[in-house]
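A.B. asks: Chains as they are written, first to last, in the numbering used here: chain A, 1 to 512; chain B, 1 to 317.
Just so you know, the hints here were simulated from the structure itself, not pulled from any lab data.
Small disclaimer: the values here were computed from a predicted structure and weren't measured.
A virtual CB, placed ideally from N, CA and C, is assigned to each residue, including glycine.
A hint or two may mislead.
Stated by the list, open to error - Stretch by stretch, here's where chain A covers chain B in the computed footprint (C-beta under 8 angstroms, at least three residues): (1) 140 to 151; (2) 287 to 299.
Claimed, not checked - Ranges between beta-carbon positions, derived for each pair: (3) B:Lys223 x A:Thr469: 50 to 60 angstroms; (4) A:Met35 x B:Gly127: 27 to 37 angstroms; (5) B:Tyr4 x A:Gly362: 37 to 47 angstroms.
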Amino acid sequence: MAEKNMMIPAEKFTFVQKDAVIKDKKLETKARSYMADAWIRFKKNKSSVVAAIILLILVLYAFIVPLVSPYKVADKDPDKRYVSFPPFVRSVADQNRGILDGAVQITSINEVGYQRLLAMGEETSMNPVIRITGMTTTQEKQRGKMVDVHFYSLEVNAYYQIGIVYRVLSYNEYERIQAWQKETGIQVIYPWVESKDIKNIEDPNIWYKVSDNKGTAKLDKQGNRVPAYSSNAAIEGAPYDSIRVPSDDGSYIYSIHKSGAVQVRMNYYNYTIFVTGHHPDHLFGVTSKCEDLMTAIGVGARFSLVFAICVSLINLTIGAVYGAIQGYYGGYVDLILDRISDILSGLPFTVCVVLFQYHMAGTKFGVIGAFLLAFVVTGWIGMAHLTRRQFYRFKGQEYILAARTLGASDKRLIFKHIFPNAIGSIITSCALVIPSVISSETSLTYLGIVNVSREFGASLGDLLSTGQTFCQKYPFALFFPALYFSLLLISFNLFGNGLRDAFNPSNRGLED
Amino acid sequence: MGKYILQRLTLMLVTFFIITFACFALIRMLPLPVLDPGDVHGQIAQLRREAMGYNKPIIEQFVIFMKGLFTRWDWGVSDKLYLGQDVWKLFVDKLPPTMLTNLYSILFAIPVGIILGIIAALKKNSGLDHFISTSTMVFISVPSFVYASLVQYFLCFKLGWFPLIMKTGTNYFTKDMFLSMIPAVFSLSFGVIAGFTRTTRAELTEVLTSEFMLLARTKGLTKGQATVRHALRNCMVVILPAIFGDFIGIMSGSLIIEQIFSIPGVGKLYLNSINAPDYPLFLLLSCFYLAVGLLAGLIVDISYGFIDPRIRVGSKK
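Sequences and hints are given; from them, build the entire structure.
C.D. replies: Here is the structure:
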């Protein structure tokens, strides 16, 4: 009531300067918002822009590759024979350009072994020998006279080198493969060779007549190998009605009995096509666990990115609230909270992670939940310090005093007046927190302290550590994950630095 | 200053005890492997556990532990990795390789880092500076195990200059041993070099543009004199504490580098104790890392006070 009486009617107000001429000119430049200003400054920083683009590509890789790749991370070839195989793409390998050809070095191959490889190429029309890289000749006494013995160093295609394998098939699968062969024209099953016809050698890749039990080929007059395919219908496992080899007059058998099933000689490469529906193309090669490396990197990186973002967001929230309380209230509250964070910050990170793993990895939190919590225990401290500093900077300013005089509550002052001012620097520091989380997360999975792969399929740390173990033999297995990981961290850091400089005008020119 | 040091020291001790207690409690709360009562070793282990106070409240166990620690410096015995051996002895045996590799690496890395930083700052915005700054950026961003793997692959395997892993044995001062440590020393150095280069460059560029440098030049000092006597001395305010901190840190070593190069050091022991798991060993090493970390922080903070008069005055308020 009293307030109503005090109100002054609007018509009693008059403008003092209603007719006065305003001398100062309005600014003619366009107003530029804080964001627009930051954006302009960010664009000027060429290295950050490049880093941002690379980062975008890497992030897209992590999210898209696992989706579009023909492989799931758990996909393996049928018999898990593709262990640490180098990069290979069939269409590129056939052009013989020296890349993506699945090449591995093998040494000390004698003449018979070399001929065996060539014979594999003859039978399956996939020649494993890419090139001869070296040859040593030694003299050896054989049957009383000295003969030259050659040893080859070869570069062979690891995928073709497997050639033919023995395999037991159910009747059903045997029928399905035959039907598939007819449909696609790709031959999986090859004629059976009895080992008694080849001097009792148990090697599926010897299909020709041999003159001794080492596997030396017996050649005909033209110097060609003579097939030793069996046509002994008595041991035939099941009738065969599909693609036959060219030399076949219809009498060769393609399978033998094997306890309620059939055993065949099959081309392993073509069999993987039958099982998976595509060539075993692996752009980055295969890991030591038979996984497609390209997919595994994608899956691992996706985990790292999502994990790091979650950790940063949680730490950001806790740190901001904690720091806000410290900075706003000051005094004893600040002192006590500061001691608490001081003590916590003394806790070595590894100890914290290990204790969480010991206690919680087996519970419903799981390995990853425990890992996340370990990051949260000490991770928020940096953010709290930052927020606290920002609060000390802003809380003494006049506009806060004005707001307080107008009766704003503590909550309103913190969240409406101070926080928005501090948010720029808090968020940009988040861009630098993410790579540091990725880096320490990867270090711990690398050491095997935290086993993420079991729950998540793959992790960059695991890939790097197995790559490191086998790097002498299979450098690609280290190279690709290391490249991805390094690029990710470098571009993240450059991008974060650019962002920080862009949002912080006073920092301009000081930072490198 | 004395009051400040005392304050920090007290805080450090309090922190140490609180965290040690927390670790101790968390470790003692873990389930222990079940023992075979028919086996002699099992019976001994059972007796030892009772002596350690298992089945009593945690606080009581902690008192027993602390009593043993202060009267006999008894950290317990290993119960899995090195059955029955004194963990303190095990730990002391593993210290030399870790300390040596780290010492070599910082003796090499700190001068190189500072010199590179000075060059970059003096030739600011030249091609050389961009090169140094970019490499610094790369080495700071990428964790050491990536380039440790590369060092091992190229220097040790492809070029064959050094052995792949550290030589075994305890003759730490032979030429072969030194040679076999070099890859690890290298890998440890990159990060330190990058850190010092960045700090030195940032500090020095800032100091070089300040007004007292202009004054030094106007009063007749050559550029070299002004840089060494005025600019560099000011940089040291930041660099020296970092050096002190690193010297304390040589004890802790790096888990990953020791793993890659098979250095029989503390890091490797720690990793093994985690994976075993060997709780007494884990507790000792956790306390050790905690102490090293706290001590390094303390030394850095106090040395700031000694080196920089501005901070010294500030602490008296």
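A.B. asks: Flag every earlier hint the structure violates by its number, smallest first.
C.D. replies: Going through the list in order, the structure violates no hint and respects every one.
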